[in-house]
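**Student:** Residue numbers (this note's numbering), protein chains in the order written: chain A, 1 to 339; chain B, 1 to 702; chain C, 1 to 174.
Simulated from the structure, these hints should not be mistaken for laboratory data.
Watch out, some of these pointers could steer you wrong.
Restraint ranges, calculated between C-beta atoms of paired labels, are given here [to be verified]:
| hint | chain 1 | residue 1 | chain 2 | residue 2 | range |
| --- | --- | --- | --- | --- | --- |
| 1 | A | Arg118 | B | Val166 | 49 to 57 Å |
| 2 | B | Thr418 | C | Ala12 | 43 to 51 Å |
| 3 | B | Arg77 | C | Thr6 | 43 to 51 Å |
| 4 | A | Gly187 | B | Ala62 | 49 to 57 Å |
| 5 | B | Thr418 | A | Ala14 | 34 to 42 Å |
| 6 | B | Arg618 | C | Asp70 | 32 to 40 Å |
| 7 | B | Asp13 | C | Ala169 | 50 to 58 Å |
| 8 | A | Ala295 | B | Arg682 | 39 to 47 Å |
| 9 | A | Ala226 | B | Arg682 | 44 to 52 Å |
Here chain C is said to cover these stretches of chain B; the calculated rule only asks that three of the stretch's residues, wherever they fall, bring their Cβ under 8 Å from a Cβ of chain C [to be verified]:
| hint | segment |
| --- | --- |
| 10 | 219-232 |
| 11 | 370-383 |
On a predicted model such as this, the values are computed, not experimentally measured, just so you know.
Note that CB positions come from ideal geometry on N, CA and C, so glycine has one too.
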Amino acid sequence: MREFRYERAADPAAAVALLAAAPDGAFLGGGTNLVDLMKLGVATPDVLVDVRELTSREVADLPDGGLRIGAGVPNADLAADRRVRERFPVLAQALLAGASGQLRNRATTGGNLLQRTRCGYFTDVTKPCNKRSPGSGCGALEGVHRNHAILGQTIAGSDDPATCVTTHPSDMAVAMVALDAVVRVLGPDGEREIPIAELHRLPGSDPSRDTTLRHGELVTAIDVPALGMPSRYRKVRDRASFAFALVSVAAALDVRDGVVRDVRLALGGVAHKPWRASAAEYVLRGMPATEASFAAAVESELEAATPLRDNAFKVPMARNVVVRTLLDLAGRDTERELA
Amino acid sequence: MTTMDRLVGAGVDRIDGPAKVRGTAPYAYEQDPGEPIAHLAVVQSTVNRGRISRLDPSRAEALPGVLAVLTPANAPRLGKGLASDLPVLQSLDVHYQGQVVAAVVAETSEIAKAAVGAIAVGYDAEPPDVALSPDREDLYAPEKLMAGFATDSIIGDVDGALAAAVVSIDATYETPTQHHNPIEMHTSMARWDGDSLTLWDADQGPHNIVNDLVTGFGLDAGQVRVISPYVGGAFGSKAFTHPNQMLAAMAARVVGRTVVYELTRQQMFSLVGHRTPTIQRLRLGADPEGRLTAISHEVVEHTARIAEFAEQTATPTRVLYAAPHRRTTHRLARLDVPPPTIMRAPGETPGMFALESAMDELAVVLGLDPVELRIRNEPERDPERDLPWSTRNLVECLRTGAERFGWAGRDLRPGVRTEGRWLVGTGVASATYPTRRRKAQCRISVDGAGRYVVEIDGSDIGTGAWTALTQIAADALGTDMASVELRIGDSRLPFAGGAGGSTGLASWGTAIVFTARDLRKQLDEQHGGQPPAGGLSVDGELPGESPHAKTHSMHAYGAHFVEVRVDRDSGEVRVPRATSVYDAGTIVNAKTARSQLLGGFSMGVSMALHEGSVTDERYGHYVNHDLAEYHVATNADIGEIDISWLDVDDQLANPIGLKGIGEIGITGAAAAVANAYWHATRLRIRDLPITPDKYFRELGES
Amino acid sequence: MDSQITLRVDGAAHPLAVDTRTTLLDALRERLRITSPKKGCDHGQCGACTVLLDGRRVNSCLVLAVTVGDAEVTTSDGLAVDDVPHALHRSFVEHDAFQCGYCTPGQVCSAAGILAEARAGWPSAVTPDVAADTVELTDDEIRERMSGNLCRCAAYANIVPAVADVARAEGVRR
Ligand SMILES: Cc1cc2nc3c(=O)[nH]c(=O)nc-3n(C[C@H](O)[C@H](O)[C@H](O)COP(=O)(O)OP(=O)(O)OC[C@H]3O[C@@H](n4cnc5c(N)ncnc54)[C@H](O)[C@@H]3O)c2cc1C
Ligand code: SF4
Ligand code: FES
Ligand code: FES
């Protein structure tokens, strides 16, 4: 691990100022991702600004029934928050499906959102990876990529600097995307709000950037607007617990009189960012809440899939679990649940 | 032997338990060397074959806190005669990816690890050759297999019998490279006092390590002491010397103080061995009643270019079932991989996956209950060695297991049971493992007050040896456990082979029994049955194999029954319940034995569903080289497991009548899971592990 | 870069100098030679290093020592009060909930953590209704909640009843 200076700041603005002066510095949340990557030599900050106890550790009510979640709220506390469990079960379930009890105790909301990919070439500094070492190539495209992306990759050849086929690993972020969360950010130029769908990006021509955040921008909170329909998270993984998703689904469904009034659908484990299934949502609204509609909707989303040599299984897997999750939700009566 | 009945068999709590649960039992890293400890970290090759062309340690050497940088250019020369990858830093040649090419010693681990990053290394490298295939032209037959087994065995006219068979199976099974991954990483801490070396070490038997240190450093055996009283799991990776012991000793000599080398988890995938991948073709021929007429089991596996390790994969096929025509063969490919080594039931574990899967496939073709098929092929004598069994109760295990599990009335048809979104099935497989014992020496001393000290260089890697040996000693001495102080895990103690081959209790326990007999005889004959005031000490020895080993075929047996559930949407697999019944001879400690059997079986479930080191054939490395990506079973993956054993013993094997329990549990377990998976889904997965993606592959959807 | 800190561990205060890079686990094991928590991966993947930090279980290998401040660190050894073993210690021994024992202090700390989490009504990934007021530590709940602690010896099927017994005694299981 490279040597670094450790800093605590008096308030968020001071933290932002500290990092603005340190182009190679980083914010430290719970450290469960950053310290891991520093040990591997993947992250090499020369200054760490500790924001774990600096950003809010509170979950506050918003007037519309939504919640403002401080960036410092531990994943475990957020999953245990009564309001989250009652109003946004999809979020509680996504958090609980991630990592382990002890990691969730330490990991923060801000850090979870910004955790980096688990691609085995990214985490191994002796192997090529455009994300870690721009221009070095993509080890995964023709290598081991069973658990890589099927949507939105940049596939331009192993040696092309734009190629990246990895996924975003966060479960929580998938739920946040389905919930239309808004990320509140404090930067050297002041505050701004980023709709979460615009936070994470596809690799495009620059796989090194996971998000649209600029250096030194501090996530201070995440606003989750009221939902008003049943929701759930379903994660498929290689073992029963403590493993990253092969495919995951965050869904919310509002069915009245057998017709889909509203739906939210996001997929994890399939793309460089949590994948909002907008096409499927569009197809579904106004359709009867039947297995056939659900299947048609998800097919329309997955039509765009461009699976790699070894991960084509994710297409039927995603299809099946989306349909199953929507069926589970459709079996519930929105009116009664909200009463 | 009346005293035998008192403690042997009882489910005594582990005597090392209270310290272990609190974390105060000192493992290698935690021992006190009596002086400040320097830390070692290594630079590993990033190529599989070639030669170091450039290695510049100067930046690392300049870092504050760095005590030394060892490279092939300056490392002390080791003695000739070290095998495999033990001549560490002795040459510029690279034989596998991950080979140690430099080592840093520093005041702290942070400094040592950071300094590693400051060392630039260049290579003249050739492309890696790491792909195993049955079509390789360079496959060869090793002279013999591990543990001295013959490479091939051919009896009768196998091809003729297969061609003539009314019913037959021809299938190829694959198991991947697996890594032991004990939770304690390999650790060696070395201290020199003049020309004497003390090594606190994580290993399966201190005496196993001493010889290599003697050879490497030109010492007498008396100048080396290896101490390993507590070991955090091993499973074979800690049986033999690896580069870590050599490096720690070498570095300590160079810097003149104690040096510790604790591997990183990532290094556990290249420096301490692995289980070879296997490709196994199984052909079975049978008559319409299901009596086997021919068995052919052909194995292709790999070894390293610098060391031959020939796993005895098809050897269980030589003993398990009767058939007049039979053949087992082993062929190796020499690849640019790290040296493979023994891993829990080496041979039996992958071999039984193939054999017991094929038996299931045969039962399906015959429309026969797979338990019944096995019973119909029960051999009266060892079918290849043509010897009587010492004891063999496989059929009894199958019958008892079937009853405990609720097997009767099982619908043979696959894919017809559902519970909600789960497809449900059940499967069975046999288990077997050879019963052996090895040479061991022992010293027992008694003081005037009747307190005994039992000394033997046995090893407890989690097996419960601390407790079981104390029980055996107490019974053999006719006393209680509190009056016996056991000393193990130290090469200064009387010689014993390491923990391995499920021979520990059979060897060390028998040596203790023999020595105790001598001691009691001397007490009776010379001291009127009372310990003399000045005490008495007796040395004893177990010469080695049982005198009956040449005239009898000795094995442990078992039967596994498992229920598997497969999520029809996602292909996720669960094993909610299992029953295993064993014929393992005398059970010395009912509590710790159950744990061993449970652990072995659970590791088999882990192998069936999760484990596999994935090679990138272009770069020649294991991509998933950590515990987040090399999946082993978590708590949530293991369901209810019913473990029991038959009330039997094997007096021909050893006077305690035990057969060894460390490995039998894993054998056959993966096949039982795969067979149940088939019964649940109609899908036959012949390549482990059975991950969810393969569900879609078999359905033809991906 | 060295930093002077004081760690409070198992009731005692330890002033020490650490590198900013030093993790809590290495500060304990390497600097203070408090070796109850173990290192099994150094990357949050095995749970062997689990300690309680102000009563909450965390992976000490991913916590930088300089961030700990005056939080109280409790190891498995520290769960024993006045040298009297904790109920979990006794239950683990009685159920033989370990073999090599190397993952065990982490398992014990994790078990102490899940008992507190269950008392607080925290749900888990297998809780059927995450909004339920209380949770009961059924076998499945224990399995899921203990899954951040790998046991390569695979003592899992004994860990579950070992934790269940204590859970029962503490009223978080019937
Ligand atoms: C073994 C293992 C298994 C895991 N399994 C899962 C899983 O199944 N599912 C899952 O979703 N996750 C999983 N995780 C990842 C885990 O959820 C993340 O490590 C964690 O959420 C990161 O939070 P943190 O606070 O520790 O972030 P840190 O490690 O502190 O930071 C992560 C990144 O965010 C930046 N950052 C932190 N806070 C802020 C802020 N307020 N503003 C701006 N930038 C900030 C940091 O600079 C860093 O780049 C696993 C992790 C491990 C080690
Ligand atoms: S997929 Fe992306 S993260 Fe992985 S090697 Fe390619 S560029 Fe790197
Ligand atoms: S050592 Fe910390 S989780 Fe493995
Ligand atoms: S007891 Fe050995 S790893 Fe758990």
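**Student:** Taking the Cβ atom of Asp13 (chain B) and the Cβ atom of Ala169 (chain C), is their distance within the range 50 to 58 Å?
**Tutor:** Given about 19 Å between the Cβ atoms, the range is violated.
**Student:** Measuring from beta carbon to beta carbon, are Arg77 (chain B) and Thr6 (chain C) in 43 to 51 Å?
**Tutor:** holds, 47 Å
**Student:** For the range 44 to 52 Å, tell me whether the beta carbons of Ala226 (chain A) and Arg682 (chain B) fit it or not.
**Tutor:** holds, 47 Å
**Student:** Please test the hint of 43 to 51 Å on the beta carbon pair from Thr418 (chain B) and Ala12 (chain C).
**Tutor:** violated, 58 Å
**Student:** At the C-beta level, are Arg618 (chain B) and Asp70 (chain C) separated by a distance inside 32 to 40 Å?
**Tutor:** violated, 51 Å
**Student:** Taking 8 Å as the C-beta cutoff, is the stated coverage of the segment 219-232 of chain B by chain C satisfied by three or more residues?
**Tutor:** holds (count 3)
**Student:** Using the Cβ atoms, figure out if Arg118 (chain A) sits within 49 to 57 Å of Val166 (chain B).
**Tutor:** holds, 52 Å
**Student:** Confirm or reject the coverage of the segment 370-383 of chain B by chain C under the rule of 3 or more residues with a beta carbon closer than 8 Å to the chain's beta carbons.
**Tutor:** Answer violated; 0 residues pass the 8 Å Cβ test.
**Student:** Mind checking the hinted window 39 to 47 Å against the Cβ distance between Ala295 (chain A) and Arg682 (chain B)?
**Tutor:** violated, 23 Å
**Student:** Using the C-beta atoms of Gly187 (chain A) and Ala62 (chain B), is the stated range 49 to 57 Å upheld?
**Tutor:** violated, 39 Å
**Student:** Return holds or violated for the Cβ distance of Thr418 (chain B) and Ala14 (chain A) against the range 34 to 42 Å.
**Tutor:** Since the Cβ atoms of Thr418 (chain B) and Ala14 (chain A) sit about 60 Å apart, the hinted range of 34 to 42 Å is violated.
Of the numbered hints listed earlier, those contradicted by the structure are 2, 4, 5, 6, 7, 8, 11.
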